Amino acid sequence: MLGSVETRSVSPVFVGRAGELTVLGDALTRAATGSAGEPQALLIGGEAGVGKTRLVEELLTEACRRQAVVAVGGCVEIGADGLPFAPFSTALRALHRQLPKELAAAAAGQEDELARLLPELGEAPAAHIRHDEESTARLFELTARLLERVAADRTVVLVLEDMHWADASTRHLLAYLFRTLRRGRLVVIATYRSDDVHRRHPLRPFLAELDRMRTVQRVELTRFNRGEVHRQMAGILATEPEPALVDRVFERSDGNAFFVEELACSIVEDCLTGLSDSLRDILLVRVEALPEDAQRIARIVAEGGSTVEYGLLLAVARMGEDDLIEALRAAVGANILQATPDGDGYRFRHSLAREAVSDDLLPGERSRLNLRYAQALEANPSLVRDAERATRLASYWYQAHDPAKALPAVLSASVEARRRHAYAEQLSLLGRAMELWDTAPDEVRAALRPVDYAEAYPPCGCDPATTPLRFLDLMAEASVAGRLSGERERALKIAKRGQRLAEAEDDPLRTAWFTLQRSLLASALGRGDGWAELAEAQELVRGLPPSAVHAQVLAEAAGWGMVHDPGPGSLATAERAVQYARMVGEEDNELRARLILGSLMVDAGQIEAGLSEMYAVKERVVALGTASLVGRTHVNLPSVLEGIGRSRASVEVLTEGVELSRKYGLLDTEAWVLNNLAESYFSLGRWTDTAEVAGRAARIALSPKPRGFAAFKCAALALERGDAAKAAEYLQAAREHFGPHDPMPQSSIPMHTLALSIAAAQGRVLDARAEFERAATAGFPPGTQRYGWPLLRAAATLEADTRGLPAAEPGRAEALDRIRKAARSMATAVPVWMAHERWTRAELLRAGGEDTALDWAEAATAFEALERPYDLARVRHRWAEALLQSHRAQATDLLRQAAATARELGAQPLSEDIALLAQRARVSLTDEPSPPAPAALPPGSALGLTRREEDVLRLVAAGRSNRQIAEELFISPKTASVHVSNILAKLGVSGRGEAAALAHRLRLFPPPDVGGVAASA
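Numbering (our numbering), first residue to last: 1 to 1017.
Any given hint could be a false lead.
To be verified - Here are the simulated BS3-like cross-link-like pairs (lysine-lysine), alpha carbons at most 27 Å apart as the crow flies:
1. Lys705 - Lys726
2. Lys986 - Lys974
3. Lys663 - Lys101
FYI, nobody ran anything at the bench for these hints, they're computed from the structure.
What you are looking at is a predicted structure, and each value in this text was computed from that prediction instead of being measured.
Model the full assembly from the supplied sequences, consistent with the hints where possible.
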């Protein structure tokens, strides 16, 4: 290796960039702000050679002056390939060298998982472990948490260079960090070449995503102007350059800092006059000025990748070590090559020079160099790091155009990529393997064995240890890799092709497996609910011997039924799924099927038995530590508990679920858990906690559906707190997240309920009624009563509140019949469903003016046995209203209890309704004695309305226009309009419809056959 070598072409003076350096320095300052720190994310772009690296070096110098810890990692290009997670592995390795104890403490408990990025932390899990859609997200969340912990007590600057070469996994991890880092004294900087990012470059959508993040600062570097070129040349030449020379260099370099350096160096070497205007030739001319051995080494390094280790270079160069060192000394002294920061290898000082030298290689020369790299690495694998070996060997053999060697190497690299959760790179490598398949010799293919399994897919042949790998096996692996990496379109094409090939071979088992993949992918892509493919897969495995595929098909079908069509058929499917999974020893599928079975048993009325099954699964999953099933158990079990009214038990499981989700880095699972927690908190009257956890779920959710449920929870809370407009915005967001192609009762019925309630609050009676009609038309399958009862109650309340409203009369009878019919078919097997049934029945009676205090007493008694304070307060409000005529003291107590609950929750509409009823009935909501009941009060007096405004409101409630009101009251239309405006302001509503709905809800102008509160009190 080389000692100190003098270099000359880098300017000792940092030129320009004052504004950009200020931005970076400010970010460094903000990162250390406050006790918890404020993470900073910056993206530095600019064309090749414009000075991105030099700018970052200046920042790092300042960071070190401030006692910050600096870690730099660069994206590695090997031929045309990127190395998975390369910049993160390099940067984490630098952190590990500087802070070994601190990094170990931050990674405590997750060393094996984080070893996928930094092998020094421990031994990564074996390749055969189960993979799922959250495997990558889990690794990403653990990485984010690691960085936050390391940066908790010190400023850490993490620099990732050359993102234009980044592999997909690196891009996804960086985007994840930019989205989710919330604490820690951390500065994350990424650089990229803007001129390389063409329209189809994979970095382009990544940059577009970052543009939408307000937390990411973009810094775009421009070329130097003439004055800056002049200062740069003066620094390099150590003398004042002639103006004509500055003009010439500025013209040729066009202000590009790197080319200014190259041209200045050429001036020193007195070879400027012979230079071509081609930038490529400008770069090559200095390489060609090197001694022949140094030129040869430059060509070898150019083809070896972004960085070449010294030992590997020595093996490939095939020259004496003394000669190699002299050649390297010449290349480094000329500033063509430079030693890597860890002193283990060499790289070009600028990637533009490497590209120019590589492009100048002859085709045969390029393949010969790759062949020598591959042979050297195969002969001595220790020449490169373990984490890089498989990928680099695969790339070298592939670029050497040797299919016999390349195919096994590519397959081995694909397994390594999967082990690191780099599924996008695994997919790319498998695509290359499928490309090489037909050109590889038969004897090579015959020697290949299945080395990694695609979930339940059975490798072709009876014994994988002795049966060769087949092309169909590759397609199975590729389809799973595509699904796990998010490349679902490509995965779907592969699955369709695999299905056709399996059908052509008359192989129903593998045909069923590929069909199952199509179901999962169609659902994920929003192309439907996936049932058609699931049904086809079930037919394909029917009659076949038990197998892992059979068990997985049945488990997926049962899971689909639990969400979309809970009932006897789905229950039977779940029972068979458990049976088949046990037969073939598939414990993961068995546990999942048992969880589904328990949920369906509860829906079928076998409540205790079903819960017992689900709790048993939870305990087993926690003991096993199976991350994917931890998520399912701690989402499904509490959902069932909440559905049967056991909210406190639900919160206990959900609290454990939050802890486990964070332990395993399951961010999307945590979002699902938090959504369920928000629902249980809402039921228990913990509305402040509801808002907090729903907000966090919305922030951290990675997929659309948990974001949809979070928006729904926020909508429900906004409505009950009196902001119908905000509730409507949240509801629209929820609908967009759920999409139109995969309707599920657990989301569609509650959204119908919420839409109905929002329309009712806004006075859109007919829209509200139409919402219920749409829901009723879709039907209420068995097992949906937890969602159906609140909808029926909301629809009945709508009809009761609008009784006597002329605009609501058309279709009213039909709507009431529809509600009664649906209620007759709805189960009431648990107390919470029975309570809703009694509430709905009381509202239906109120809709006909036939409700009594006894009806509301029964509903209240049912809710008093539950922990549903808001529901109980609403029922008590109606019970008090019915009691005012006969039992004034009891009614007063009920109103006070309801008012206290509404006030505590911040339920503004309910508080206002209670206050207005109390005012009209002359009831005090405090402990002060209530005044005597009035003989009669004007109906609008409690609202501050004048007699004339009451008359106008009565006609507005009857659906009259301003002109009709004017004619009936013998006033001008303009005066009528003024009265209406005053009424809207006093009622705090936005339109005539809301005013009419409020008047009817408060029974200000009851139908002739019904007495008002004022008259009866």
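Here is what the structure says about each hint:
Proximity of lysine 705 to lysine 726 is assessed by CA-CA distance (about 20 Å); at most 27 Å being required, the pair is judged to hold. For the hint pairing lysine 986 with lysine 974, the CA-to-CA distance comes to about 19 Å; that is within 27 Å, so the pair holds. In summary, the hint linking lysine 663 to lysine 101 is supported, as the alpha carbons are separated by about 21 Å, within the 27 Å threshold.
Checked against the numbered hints above, the structure breaks none of them.
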